[in-house]
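K.L.:
Mind docking chain B on chain A? Use the hints.
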Amino acid sequence: MNLSSTNIEGLGVRPAARRPAARSNAAVVRTRRLAPFAFISPTVALITVLTVVPIVMVVGYSFMDSAIVAPNPVFVGFANYLKVLSDPTFLLALGNTFVFISLSTILHLVIGLAFAMLLNTSLLSDVTKAIFRVVYILPWLFTIAVIAVVWRLIMDPYGVANYILTSVGILNQGVNWLATPGSAMGALTFINIWSGYPFFMISLLAALQGVPTVLHEAARVDGAGWWQRFRYVTLPHIRPVIISMAVLDLIWTSQQFALIWLTTGGGPLGATEMLSTYTYKQAFSSFEFATASASAVIVLLLTMILAFFYVRQQTVRD
Amino acid sequence: MSMRRRGGPRLLATLGTAAAMVVAMSGCSGPAPGGGPTGEVTIEFAQWWEPELPAGSFAGLIDEFQKENPTIKVKLLSAPFASTQQQMVAAAASGQLPDVVGLDGAWVSDFAKQGAIADLSPLLKADNFPEDQLASQVKVNGKTYMIPVVNFVYPLFVNNDLLQQAGVSKAPTNRSEFLDAAKKISALGGNVKGWALPLDTAVPNGIQNDVMSWVWASGGSMLKNGKPDVTNAQVKSGVEYVKSLYDADVVAPGALTMKEQDKVEKFTNGQVGMVIDSLAHITLIKKNNPSLDFTVAALPSEDSYTGKRGIPYASWGIGVSDKSAHKAEAAKLVEFLMGKDVNAQLSTLANGFPGNKTASPDFSKSDPLFKTAFDIYQAGYPANEFVGLPKSDHLQRTFDEQLQKTLTDSQSVDQTLTAVQSEWASVF
Numbered sequence: 560m561n562l563s564s565t566n567i568e569g570l571g572v573r574p575a576a577r578r579p580a581a582r583s584n585a586a587v588v589r590t591r592r593l594a595p596f597a598f599i600s601p602t603v604a605l606i607t608v609l610t611v612v613p614i615v616m617v618v619g620y621s622f623m624d625s626a627i628v629a630p631n632p633v634f635v636g637f638a639n640y641l642k643v644l645s646d647p648t649f650l651l652a653l654g655n656t657f658v659f660i661s662l663s664t665i666l667h668l669v670i671g672l673a674f675a676m677l678l679n680t681s682l683l684s685d686v687t688k689a690i691f692r693v694v695y696i697l698p699w700l701f702t703i704a705v706i707a708v709v710w711r712l713i714m715d716p717y718g719v720a721n722y723i724l725t726s727v728g729i730l731n732q733g734v735n736w737l738a739t740p741g742s743a744m745g746a747l748t749f750i751n752i753w754s755g756y757p758f759f760m761i762s763l764l765a766a767l768q769g770v771p772t773v774l775h776e777a778a779r780v781d782g783a784g785w786w787q788r789f790r791y792v793t794l795p796h797i798r799p800v801i802i803s804m805a806v807l808d809l810i811w812t813s814q815q816f817a818l819i820w821l822t823t824g825g826g827p828l829g830a831t832e833m834l835s836t837y838t839y840k841q842a843f844s845s846f847e848f849a850t851a852s853a854s855a856v857i858v859l860l861l862t863m864i865l866a867f868f869y870v871r872q873q874t875v876r877d
Numbered sequence: 010m011s012m013r014r015r016g017g018p019r020l021l022a023t024l025g026t027a028a029a030m031v032v033a034m035s036g037c038s039g040p041a042p043g044g045g046p047t048g049e050v051t052i053e054f055a056q057w058w059e060p061e062l063p064a065g066s067f068a069g070l071i072d073e074f075q076k077e078n079p080t081i082k083v084k085l086l087s088a089p090f091a092s093t094q095q096q097m098v099a100a101a102a103s104g105q106l107p108d109v110v111g112l113d114g115a116w117v118s119d120f121a122k123q124g125a126i127a128d129l130s131p132l133l134k135a136d137n138f139p140e141d142q143l144a145s146q147v148k149v150n151g152k153t154y155m156i157p158v159v160n161f162v163y164p165l166f167v168n169n170d171l172l173q174q175a176g177v178s179k180a181p182t183n184r185s186e187f188l189d190a191a192k193k194i195s196a197l198g199g200n201v202k203g204w205a206l207p208l209d210t211a212v213p214n215g216i217q218n219d220v221m222s223w224v225w226a227s228g229g230s231m232l233k234n235g236k237p238d239v240t241n242a243q244v245k246s247g248v249e250y251v252k253s254l255y256d257a258d259v260v261a262p263g264a265l266t267m268k269e270q271d272k273v274e275k276f277t278n279g280q281v282g283m284v285i286d287s288l289a290h291i292t293l294i295k296k297n298n299p300s301l302d303f304t305v306a307a308l309p310s311e312d313s314y315t316g317k318r319g320i321p322y323a324s325w326g327i328g329v330s331d332k333s334a335h336k337a338e339a340a341k342l343v344e345f346l347m348g349k350d351v352n353a354q355l356s357t358l359a360n361g362f363p364g365n366k367t368a369s370p371d372f373s374k375s376d377p378l379f380k381t382a383f384d385i386y387q388a389g390y391p392a393n394e395f396v397g398l399p400k401s402d403h404l405q406r407t408f409d410e411q412l413q414k415t416l417t418d419s420q421s422v423d424q425t426l427t428a429v430q431s432e433w434a435s436v437f
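In the order they appear, the protein sequences are chains A and B.
Each number in this note's numbering comes from the position in the first sequence (counting from 1) with 559 added on.
Each number in this note's numbering comes from the position in the second sequence (counting from 1) with 9 added on.
If you're looking for bench data, these hints aren't it; they were derived computationally from the structure.
Heads up, a few of these hints could be off.
Straight-line Cα separation of at most 25 Å, BS3-like style, residue types lysine-lysine; simulated pairs [said to hold, decoys possible]:
#1 A/642 / B/122
#2 B/268 / B/400
#3 B/317 / B/148
#4 B/400 / A/642
#5 B/245 / B/192
#6 B/296 / B/374
Here chain A is said to cover these stretches of chain B; the calculated rule only asks that three of the stretch's residues, wherever they fall, bring their Cβ under 8 Å from a Cβ of chain A [claimed, not checked]:
#7 203-216
#8 399-412
A few chain B residues that don't get close to chain A, going by computed Cβ distances all over 10 Å [unchecked claim]:
#9 60
#10 62
#11 88
#12 134
#13 138
#14 148
#15 149
#16 186
#17 196
#18 232
#19 294
#20 350
#21 424
Where a beta carbon is used, it is the ideal one built from N, C-alpha and C, also for glycine.
Looking at chain A on its own, in the form it has when it is part of the complex (with noise of 0.2 Å):
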């Protein structure tokens, strides 16, 4: 804009004849001034229309009676927040879902970082890592709706599951894995276990690969076990992919529906209602959008100080 400026007087115009061009550099600084704007406007509407919007007005459903299936629904403030807060069924599938994620997370933690381990060691050779590879991620690559299906087959109460255990003696009779509300929502747990550990197996493999060796070989020169080496040399290096992954592993667990819905709905008698299916009950089957959106908002609150978390570590990592 200065460059500009000092060409035009350089070349010694006079003021009346200036005025056009004063208004044209006026005109380039707005226009500069507005490009960063228009260039992020595509973002901007996109995430007002399919974020902003629909935050704003299920929160709005929430303050309001009869939302959406009344013509004119009322303001009641917080009303709908204390019916679902005093409803035992929300108190519930509250519980069940901090079992369930707090159980999901640390076993998908625990057992991709074993399989990753697996991976990056150097008494396996590459074929053999290869193949592990294949074999390991394979639950990550069907849909929700195949392992639903595929799941609800082996724990049929005459499904492979109950054959197996019962041809090895483990038990006398076959149990009805996801009927009984004693099992139902370990067996739940475990299939998302199943089906979730792939993603934390690559993403720490790639955190262990960034290890340096020299650490390793240090320590083992220093005459560390084992046990001494991964503590102090590997857990430190890898902890901020661990943390990151736990805390995102329990926001996408929280959310879980799919897997629930196709395979219990929260059944049976409750055992595996989650705050999930008890959103989606309330919306869908009694059409009380108000407490819906009421529960909805709590999911999101919790999930937003989970989110805190994740950012904040984000940060300090940065």
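P.N.:
Only chain B this time, still in chain A's reference frame:
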């Protein structure tokens, strides 16, 4: 200046893209099509029927309608049932229902209360359509909001081979015979059970199809003057009977989370001797297991019952949007589909029974079991008291959850029915 030359087009392109996107997005919720310049009217018809019918057959019927009514064009909005349901719920709430809508009985009450669907009687009367030809009409507060176009009944499916192996000579006709047959089939061993009871709470239609059907088959009712009455003797007897079947260990394991498709699969695989199922599944069962020898029979009633038997059904219902600007044209389409010949044709295509009493489906090319089922249907009456009730899905789920407590001995039948009565009363 050179910077300006480079930046200008880019800026314009960026702004143009953003503007185009906003326009495109706003176009997603554009107004429904209406009248054309030549007096031609386009109406929208949202339903899940077309994907379930032989390819091109439904479009053929609509073409026929357009030939008969050259000034009316029909735009079919077809999607599977589940997505149609979600779209219709949202559209009804926002007052954007298409002109003509395929309806399930479970949606009617809520849509009517929202003012989303129109009273059909005045529309049909205006065209002098003979309403007495309609097999049934779904009413809310005395007004007709849905007309069942095709009905799919749920008779008793019986595996003839298993029945024979168990030493049972004929399909059971009453509850005692059914329990006896179920016990004998279960005694065959080899993972075979007498009956299947799908009680998955995700889609709790097992309550209407597999539980309340026992009540309706004996002429019972769960309503009194349109209000819940689930603590009456008939419902109690039905629930106690289901409990007795469960306790006798004649029910396929996994009932508490079993889905309807599991029930069909188990019957198809010969793991279950008897199920209450939709006629629509006959083709599927025969396709998946051509060697399965099975038949259909009327639902068993109470031993002493001699009256007409209610047979559960599901419908392809039809309604008209109350916000439609072309209600008269929409009504013409409804009348066309409910006409004697077209209704018979559509029922034949759908393997269902006509909503027009005077229509006769053509069984000449159908499986003989459809004719058997039609005779059962005509000997009894279609019974599904959940049709037209508010929050029908929710009511069934409530019943389902309480029934599961009874089956697992957490509470008595009386406690279950009292809890259901209380929950249902709060909805009404």
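K.L.:
With reference to the structure, classify each hint as holding or not holding.
P.N.:
Do the hints match the structure? See the list:
no.: 1; hint: A/642 / B/122; in the structure: 23 Å, holds
no.: 2; hint: B/268 / B/400; in the structure: 20 Å, holds
no.: 3; hint: B/317 / B/148; in the structure: 23 Å, holds
no.: 4; hint: B/400 / A/642; in the structure: 19 Å, holds
no.: 5; hint: B/245 / B/192; in the structure: 22 Å, holds
no.: 6; hint: B/296 / B/374; in the structure: 16 Å, holds
no.: 7; hint: 203-216; in the structure: holds (count 5)
no.: 8; hint: 399-412; in the structure: holds (count 5)
no.: 9; hint: 60; in the structure: 18 Å, holds
no.: 10; hint: 62; in the structure: 24 Å, holds
no.: 11; hint: 88; in the structure: 16 Å, holds
no.: 12; hint: 134; in the structure: 27 Å, holds
no.: 13; hint: 138; in the structure: 30 Å, holds
no.: 14; hint: 148; in the structure: 20 Å, holds
no.: 15; hint: 149; in the structure: 15 Å, holds
no.: 16; hint: 186; in the structure: 27 Å, holds
no.: 17; hint: 196; in the structure: 17 Å, holds
no.: 18; hint: 232; in the structure: 20 Å, holds
no.: 19; hint: 294; in the structure: 18 Å, holds
no.: 20; hint: 350; in the structure: 37 Å, holds
no.: 21; hint: 424; in the structure: 14 Å, holds
The structure meets every hint from the earlier list without exception.
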